[in-house]
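Asker: Spelled out, the chains give:
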Amino acid sequence: MNSFSIKALAYACHAVIWFVVIITIATELAEPVKGFLTGLTGHHWTAKGIISLVLFFAVAFIFTKKEDPADVTGLVRGVLFSAVLGAITIFIFYLFEYS
Amino acid sequence: MTFPLIGLHAWLGEFAALMFVWAFIGLYSGTDSNIRRAKLAAGLGVGFLFAAWLAGGFYYVEFYGSGVKPLIKAGPFPWAHKVVMETKEHVFLFLPFLGLLAYGLMQRLGSQMTQDRGARVAAMYATGSVAVIAAGMAFFGFLVSSGFRAALEQIAL
Numbered sequence: 001m002n003s004f005s006i007k008a009l010a011y012a013c014h015a016v017i018w019f020v021v022i023i024t025i026a027t028e029l030a031e032p033v034k035g036f037l038t039g040l041t042g043h044h045w046t047a048k049g050i051i052s053l054v055l056f057f058a059v060a061f062i063f064t065k066k067e068d069p070a071d072v073t074g075l076v077r078g079v080l081f082s083a084v085l086g087a088i089t090i091f092i093f094y095l096f097e098y099s
Numbered sequence: 001m002t003f004p005l006i007g008l009h010a011w012l013g014e015f016a017a018l019m020f021v022w023a024f025i026g027l028y029s030g031t032d033s034n035i036r037r038a039k040l041a042a043g044l045g046v047g048f049l050f051a052a053w054l055a056g057g058f059y060y061v062e063f064y065g066s067g068v069k070p071l072i073k074a075g076p077f078p079w080a081h082k083v084v085m086e087t088k089e090h091v092f093l094f095l096p097f098l099g100l101l102a103y104g105l106m107q108r109l110g111s112q113m114t115q116d117r118g119a120r121v122a123a124m125y126a127t128g129s130v131a132v133i134a135a136g137m138a139f140f141g142f143l144v145s146s147g148f149r150a151a152l153e154q155i156a157l
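Protein chains in written order, with this note's numbering: chain A, 1 to 99; chain B, 1 to 157.
Dumping the calculated BS3-like pairs for lysine-lysine here, alpha-carbon to alpha-carbon at most 25 Å:
#	chain 1	residue 1	chain 2	residue 2
1	A	K66	A	K7
2	A	K34	B	K82
3	B	K69	B	K82
4	B	K73	A	K34
5	A	K65	A	K7
6	A	K34	B	K69
Just so you know, these hints were derived from the structure itself, not from any lab.
Based on the provided sequences and hints, a complete structural model is requested.
Answerer: Put into C-alpha cells, the structure is as follows:
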C-alpha cells in the first residue's frame with residue numbers, strides 16, 4: 001500500500017463509493033443491468049464486489065504519481081463525506097422502494 | 001451449518017472494528033511506540049474486513065437468499081430485508097476500501113505522525129470512520145437477525 005499516494009487512495013475510494021451507489025440503484029431499476037452482473041459471476045452482489053476491487057486498484061494505480069498535499073486531512077474528510085452521503089443515498093433509495 | 005458462518009462473519013467484522021478503535025486510540029496518544037502499534041492494528045483490521053467480506057459474502061450468496069430472505073419478507077418485519085439488509089450489503093462494500101485508505105495513509109505518513117498533529121488527525125478520521133461504519137454494520141446485522149427471529153416465531157407460535 002506504500003506505493004500508492006494518499007491522493008490516489010482517496011480518489012480510488014470516491015470511485016468505489018459512487019460506483020456502488022450508482023450500480024445499486026441501477027440494478028434495482030433496470031433488470032438488464034442486474035442480469036448482466038449476474039451473468040458475470042453468478043450473483044449480482046458478487047459482481048459488484050469484484051468490480052469494486054478492480055476499480056479501486058485501477059484508479060489508485062492511475063493516480064499513484066499524484067503528489068500529496070502537505071495536509072491530507074481534506075482528502076480524508078472528502079472521502080468520509082462521500083461515504084456518508086453514499087450510505088444515506090442507498091438507505092433512502094431502499095426506504096422509498098419499500099414504502 | 002449456516003450459523004457458524006454468520007457467526008464467523010460477525011466475529012471478524014467486530015474484531016475489525018476493534019482493531020480500528022485500537023488504531024484510533026494509538027494515534028490519539030501520539031507516541032512513537034503507540035503509532036507503530038496503531039499501524040499494526042490497522043493492518044490487522046484490513047485483514048479482518050476482507051475476511052468478514054468473504055465469510056459474509058459466501059453466507060449471503062449460498063444461504064441467505066434461498067433460506068432466510070423469503071422468511072423475513074413473509075414475516076412481521078419485511079423491512080429488515082427490504083431496507084436494512086439491502087442497505088447493509090451495499091454499504092458494507094465501502095468498508096474494506098476505507099480500511100485500505102486508513103492503512104495506506106498510515107504507512108505513507110509513517111513517523112511524520114509523531115511530530116505532525118495534522119497528519120495524525122487525518123489518520124484518526126480514517127480509522128475512526130471505519131470503526132463507526134463497522135459498528136453500524138453490526139447494528140444492521142442485529143436488525144436483520146431480529147427480522148428473521150420474528151419470522152420464525154410467527155411460524156412456530
